[in-house]
Each structure stands twice: as structure tokens, then as C-alpha cells.
Amino acid sequence: MIMFPNRPIKQPMNQHERRQPMWIGRPMQTRNAQQTSSRMESVLSSFRNAEGEIDLNKITEVASQVHKLYGQVSPLLTSFVRKK
Numbered sequence: 195m196i197m198f199p200n201r202p203i204k205q206p207m208n209q210h211e212r213r214q215p216m217w218i219g220r221p222m223q224t225r226n227a228q229q230t231s232s233r234m235e236s237v238l239s240s241f242r243n244a245e246g247e248i249d250l251n252k253i254t255e256v257a258s259q260v261h262k263l264y265g266q267v268s269p270l271l272t273s274f275v276r277k278k
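If you number the sequence shown the way my numbering does, the last residue is 278 and the count never jumps.
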């Protein structure tokens, strides 16, 4: 018994007819070295002081905050992962 008799039947896709993978509605883009280095510079600029030097105290503070956040969130995540 066919559930929806008026609905057109989908034809199986050929290997060559595959669609591009989508991520939140847009095709994936390849990253080149310039994009990666500009992102790295953007992240590093957050950890520089007024003189343009890397501020180790700021890096340590952020790492400490990430560690505390992980300590608070990880029990919640493990409770979902362990329930199978």
C-alpha cells in the first residue's frame, strides 16, 4: 500500500550529482593561509597590551575563566552523554 499515491517518487542521486555539504544554509568554504593567519592575528590582538606586547596575565586570566566554566558545564554534559 502506497501512503501518498499522488506524491512524485524521488529518483536516487547519482554519485556525480551529489550536493555540496551545507552548514547553516551556506556551502562550506576552504580556508587559505591568509584567512587562517588573519584569524590568528585577530585572536592574538585580544591578548596584547597598550604597547602591543602579548599580555601573559590576560592570557592566564582567560585560561582560568575557561577552566572554571568547564568545571561548571562538564557535569551537565557528562550526564547527557552517559544516558543512552
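Hint data in this document are derived by calculation from the structure and do not stem from the laboratory.
Don't take each hint at face value.
Simulated DEER-style distance windows between Cβ atoms [unchecked claim]:
(1) Val275 - Ser236: 51 to 57 Å
(2) Ile203 - Ser239: 51 to 57 Å
(3) His261 - Asn200: 23 to 29 Å
(4) Arg201 - Ser232: 44 to 50 Å
(5) His261 - Val237: 16 to 22 Å
(6) Thr272 - Pro199: 17 to 23 Å
By construction, the Cβ of each residue, glycine as well, lies at the ideal position given by its N, Cα and C atoms.
Consistency of the hints with the structure:
Distance hint for Val275 and Ser236: a CB-CB separation of about 32 Å, inconsistent with the stated range 51 to 57 Å. Ile203 and Ser239 have their C-beta atoms about 55 Å apart, which keeps the hinted 51 to 57 Å range intact. The given range of 23 to 29 Å is broken by His261 and Asn200, whose C-beta atoms sit roughly 59 Å from each other. Taken as a hint, the range 44 to 50 Å holds for the pair Arg201 and Ser232, whose Cβ atoms sit roughly 48 Å apart.
For the pair His261 and Val237, the supplied restraint of 16 to 22 Å holds, since their beta-carbon distance comes to about 18 Å. Restraint check, Thr272 to Pro199: a C-beta distance of roughly 48 Å breaks the suggested window 17 to 23 Å.
Checked against the numbered hints given earlier, the structure breaks hints 1, 3 and 6 and satisfies all the rest.
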